[in-house]
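Protein chains in written order, with the numbering used here: chain R, 3 to 473; chain F, 13 to 289; chain S, 49 to 325; chain H, 212 to 469; chain V, -5 to 310.
No false leads were mixed into what you were given.
Calculated cross-link-like contacts (lysine-lysine; reagent style DSS-like; alpha-carbon spacing at most 27 Å):
hint : chain 1 : residue 1 : chain 2 : residue 2
1    : R       : 399       : R       : 315
2    : F       : 136       : V       : 218
3    : H       : 279       : S       : 151
Hints are computed from structural coordinates only; laboratory data are not their basis.
Here is how the chains run, residue by residue.
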Amino acid sequence: QTRDTMSIGVSIEPPGLDPTRSPSEAIGTITYNNVFEGLTRLDRDGHVQPLLARAWTVSDEGRVYHFTLQENVHFHDGTPLTCENVRFSLLRAGATSSTNPDRTFFTNIADVSCPDTTHADITLKKAHGSFTYELTWNDASILSPSSADKNASHPIGTGPFLFQAWQRGDHVTLFRNPDYWGKAPELKAVTFRFMPDPLAASNALLAGELDAYPSFPAPEILGRFAGNPNLKVVRGTFPFKAILALNNARRPFNDLRVRQALAYAIDRKALIQAGADGDGTVLQSHMAPNDPDYAALPDRYPYNPERARELLKEAGIKPGTQLTLSYPPITYARDTSEIVAAYLEQVGLIVTLQPLEWPSWLGRVFGQGSFDMTVIAHTEPHDIGIYDRDNIYFHYKNPQFHELFEQYEASDNAEDRHRLSVALQDRLAQDEPNVFLYSRPRDTVLNRRISGLWIDQQIAACPMADVTWQP
Amino acid sequence: MTSLLSVQNLSVHAGSTAILHPLSFTINAGETVAVTGESGSGKSTLARTLMGLLPDGFETSGQALFEDQNLISLPEHQFRSLRGQKIAMVFQEPMTALNPIRRIGQQIGDTFRLHTAMTGREIKEAVHQLLDRVGLSRAGISASDYPHTLSGGQRQRVLLAIAIACKPALLIADEFTTALDSQTQAEIMDLVQDLASENQMAILMISHDLGLIRHKARHVLVLQHGTLVENAKTETLFSAPQHPYTRALLSMSLHGVNHPPLTRLPVPENLASGVEP
Amino acid sequence: MTRLRTNRSLIAGSALLLACLVPATLTWIWRSGRSPLIDIAHRYAPISFSHPLGTDPFGRDIASYVLTGAFNSTVIAVIAVTLATVIGTALGLVAAYGGVRGKAVMSTADLGLAFPPILIAAMLVTAQGASATGEILAIALFGIPAQIRITRQAAHSILVLDYIAAARMAGLNSIDTILRHVLPNIAPILIVHASTSLALALLSEAGLSYLGLGAPPPQPDLGRTLASYQIHIFDHPLLVAIPGVTVMVLVLGFNLLGDGLRDLLERPFNRLKGQPS
Amino acid sequence: MSHLLEARNIQYDVAGRGTSLFRPQKPRTILQDVSLHVDRGETLGLIGSSGSGKSTLARILTGLVGAKSGLIFFEEQDITSPTGTARHRFRPHIQMIFQDPQGALDPRQTVEKIVAEPLYQTGLNAEERNRRVLDVLADVALPEDAISRYPREFSGGQRQRIAIARALVTRPDVIVADEAVSALDVSTQAIVLNLLLDLQERHGLSYIFVSHDLAVIRHISHRIAVLDGGRIVETGPAADVLTHPQHPTTRALINASL
Amino acid sequence: MMTNLASAISGRLVVLTVASVIVFALLNLLPGDPATVMLGLDASPDSIAALHHQLGLDVSPATRYVRWISGLLHGEAGTSYAYDVPVRGLIFERFQSTLPLILLATGLALLIGLPTGAIAATHRGKGLDLAVMATLQFLKSIPDFWLAMMMTLLFSLTLHWFPAGGFTGWNAGFFTGLRALFLPTVALAIPQAAITARFMRSSLIDVLNQDFIRTARAQGYSGKGVLWKVAIPNALIPVLTLIGIQLPVLVTGAIIVESVFNIPGCGKLLLEAVNQRDIPVVQNLVMLIVAGVLLLNLALSIVVRWLDPRLAGERA
Ligand SMILES: Nc1ncnc2c1ncn2[C@@H]1O[C@H](COP(=O)(O)OP(=O)(O)OP(=O)(O)O)[C@@H](O)[C@H]1O
Ligand SMILES: Nc1ncnc2c1ncn2[C@@H]1O[C@H](COP(=O)(O)OP(=O)(O)OP(=O)(O)O)[C@@H](O)[C@H]1O
Ligand SMILES: [Mg+2]
Ligand SMILES: [Mg+2]
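Given the sequences, and given the hints that come with them, work out the whole structure.
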């Protein structure tokens, strides 16, 4: 007989389930296109697809979008979906009192008007080529005013699954939405279990207590599943970019030679050995190999401690100079930092390791930009734009990059955009504002009989509507 | 007249050291026998041997016949029924000899509970009478008091009540009046003597108070370094002490001889250094 | 027989500690206090002459990594216990003298005892970032109230003795009295307590750093080592076994040493009753 | 008329003990309106039933405990406050012997240290101190080699003599002895009593001698004070009090004595 | 005039109040703003200000302290920043695993520790005693988290007797819950049992050397009778006091063991809440733990007082 329930392991418990209140990836994993739906969605290949908006047209030089909404859509509490919900959700996200993590995106929306209940016209302040792409984000989900404020503990959306229960610290259960407007999901219930400890997670998988674990956090123990008749490990991609971020506003990192020296000093292949068990890609710039715009640039800084020492000497950095390397509390960051410190020590720098827990890291490093070096992985897709931000924590500022980025943003020609994107990557590779370390694959451990699970990660999500048990 | 307790060649060793050298004596029913001697001479050891309560590592040999039973070789379960019922003991240290967390009434009652089939109510009544008897009721002490609220003399009387509850044939009293003022001491002695004459109870009284011994004991045993150096009738001992140690004791005692106040006491040469073994 | 056992505890404890701490200290000196080299190319090297226990996932020599960790953990525990002992003893003596100050000290100790050490550590670490200092502080802050209690109890039992009264008669002030009479007489208790505290402190150290509340890398310490190796429990069980056994050996060593010291130091003099073992 | 040591109207209370968690505590009066004195070269015997306040009074006289009210004089000087400068100055003149010779000696100090302790405050140099210690040890008939030994190596009588040596080393005028011979067996008791009498004869010492053993009191006292329930109920020359007791308590105590 | 109980309680209330000030002050000194933590990397200053207002963080610390305490006095513990649910319910939910864990572990520790200690004491100096003592010394030296790891390895991964971790609540059935808590309880209890046993042994030996034991024997008690009716009740008094002192250690152990076994209990909640700057959760949970420890201590000292009449009159 076929099963109709499934339990999925996730590594962190979300802080509430309201995507408009927190950027936590775990919220997306659980709710994206399961509980909440937006006007558009990303499919498993990363393409924008219609969802609550059946179709749309653009007018006024890309400033006005006319969306036609799906009919017969109801929220889980029974309220019908109308244009008013779109208006409410998008304006709420951009309001001054909004706590939306991507509020800046929504402030570009000048107005949402409702010609009738099934049509929504959105007027932007400034044309924005990737508007429908950004509408796929979880924090652009369409909500109901009657339930929006309680979504953190009891999320209500239009999706194929109803929120059923949250045993805090252990699991969230979703239940099939019997009144779903689209194709009804096959699974009756889905449980997301929070298992931060990879060892415990692997035990649970082996014991059959878990059916799948997307984005398994410890490549070094994947070997445990090798001989198991029920489980398989599938390797996918995700936009993982581990970098050694440098404070470009501070001496000595304001000197290109020093940044280059650091890049030469670190054997990034060895990092992949230790951090991703050998399977990964050495990064040359801030773009992951799974990005359509990714360019395989030449390796500008092969491991060369001699060269690193020379460059440091040229830059006037004396052996024994003290530097601090801060890192957040994640395994890859801790391990990578420890190894990086060891490599830097070999070229005469003395590195103090400073473990920070998340709030401190966010506050000190990310918020105030007050740090020397930090190891962090950026996992947002296509985020090279952060190098053009004013207040970015590593304080990179480069007029050439800025100019290129302006052109890129304004362009709506796909070829131009690709060309410009490669140029941007190359610009960063030359400037080496941060030492780009590596990208690693995304491993999903799952029961051999499961089909339909996303293997590549386009966005933090684990849509369950199409997932089924094979006989 | 057959004796109640007849001790023959009793000796006690702790490992290789002899604590008591072979000694013999007898006690008749209703008779008071005193044991004296300097500190550490083995008085308490003798008492504990007769109670069968020597600490681990002590070995005994010889005979101690009590009502035709040899206490030295008596199996523990038989000895247990003797203790508290036939042979009872009042210990040297009144401050620590009572269980601090039980009421004195319960502790006295235990003797009845262990040896008689009395009902709870009867025991309560008996305890009450005993408290009366030892003069505690008069001092406002009741069965529900805890030991720590009692003075040293009062605790000693509780111990006595425990010991005499079952009207034993032999009462061993180890220096049980040392810490008391003369008045309390006298009261307790009177009580014990009354009991002795009422029930033909024999008393083995350990003391270094020669005044007390002279007045209360029929017979005296003098111990020195674990050896019984003198075993005599009280009058004989005080009038004609045989052993030099006994003589020394008597000469120094303030109770035995009437020394003029504010004068030096005669101290025999061999004791003057005050060195103890 | 007890003597024999005494020596056994002391000998076994010292032997375990020496077996662990001598190589640890030598390793530490030899590597001048630095963590063993990371050498990714030689990760998981098998047991060989240059790597007696093989290498870890970072290619570090396991033997010297764990030994350096043992040294670091022990140093943290020793500093924390020293702090707790010094401060706790001083405050405990104040508490023993009673009065308003003594009461205040005892209330503070009560407060300290109500805070589980992990709460202190978690808060200190969040406030300060993970550091050896924070960890030492957390362990010491927990140790102080216990030390206060022990010291107060011990000092109290000395302060009621007549030789303290005699010292006051001799004109000594309270500080002199403490230095000359109280401290020397409670020293055995404090020493024994310190060695059991060391065992406890090592366990706390391991627990805290296991949770990531201890000193940061690259300096190895036993708890963090365990935490980071624990994932390899199946593929490389030695990685988990070695640091675990090392913690155990050290803790056992200090515990046995405490037992041995207790017998050695307390036996000849009056043993204070009610001391926890 | 001036006395060597005099106590006037001493009053002493303690916080009573509540017997349960819920019952409040009430204070207890231990000593009430106690006045007594001792003159040079004289022994005052202090008797009374158990719990009558003898030890408490001894501790107040020696300044170990402060009285609630009342005054204490030494050679007309007010030394009432146990922490006052006058008390401090006269400390060496009033010493005490404790009942339990074991508890009164620090087990971790040598006899030399124990006996010399009261001298540290006197400003004597090391040599003088040493001389005094040896002198006083000779006084109490302890061998010279005793100085480097520890209390546990001595017998009860010898320990009591060490305690006496310590009390004597400052050449005091008054010694308060609280049950100083009660714990000793007859022979040791005799030795210690002889020593006290000797010292009185040679140095003109005064004693306040607390005991419940009337034979001992009779032997050593010039005068006797009787304490009952925290009050002095009778005082007078030893012979008078013992042969013609006035107060019922005294009579009871004497009659009961053998 | 105050009674002893009243003064004992008021003393503890003072301690509790001081603790609340310390906790509050410490939490306010922590770096990292809860709003930043919640809104993440790209939050705008406006959003942060908005959230500050929403969370009530835009007033002075003194006001916040007063609000917190007066809330507590009204039985209101506030709302969790992270989970956006009432703290009270959150903590209550977590207590369903932590409280049973601590109680079961304490019970087990006593159940093993007391008899073992008593047996060792009555055989003191003999082979059995030495063997028991050596074993206890050994057990006392095992780090609890390591023991937990080893037990998982053996009992759940090799023998499959117990689940390897997690706790899904009591709804799944009493025995399922008990099975999930079994290994954590044992891991927590064993070192405590060893400590209890060693203490019981020395306490009982002390008592057996007391004079009143001899009195009872002379009265006619058998060796066993003395042990049960006289010695053990006396020996338990200091053991109970010790348990009071060991409580914080037990709580620490519980937090660590919860983390090893991935049990959603108070310990995990606390560590996570600290990491997320979920201040309402942290401050109330800490206060609850401190109050719990104080309360248990008070209860223990009342029991001890009830057992030991000599203590009546001393401060509880
Ligand atoms: N457990 C023991 N092991 C070895 N020797 C002991 C033990 N108990 C007592 N002794 C020794 O046995 C001897 C006799 O002791 P005992 O207690 O019988 O003396 P005592 O005459 O009662 O003295 P006191 O008048 O001081 O009570 C003493 O020398 C003592 O040191
Ligand atoms: N700190 C205290 N708290 C309560 N009561 C006390 C305290 N000190 C002494 N007492 C009480 O004061 C009374 C007198 O005690 P004290 O020790 O002076 O008597 P004593 O005459 O020396 O008796 P004994 O002959 O038994 O030594 C006793 O009833 C005692 O219980
Ligand atoms: Mg004796
Ligand atoms: Mg007294």
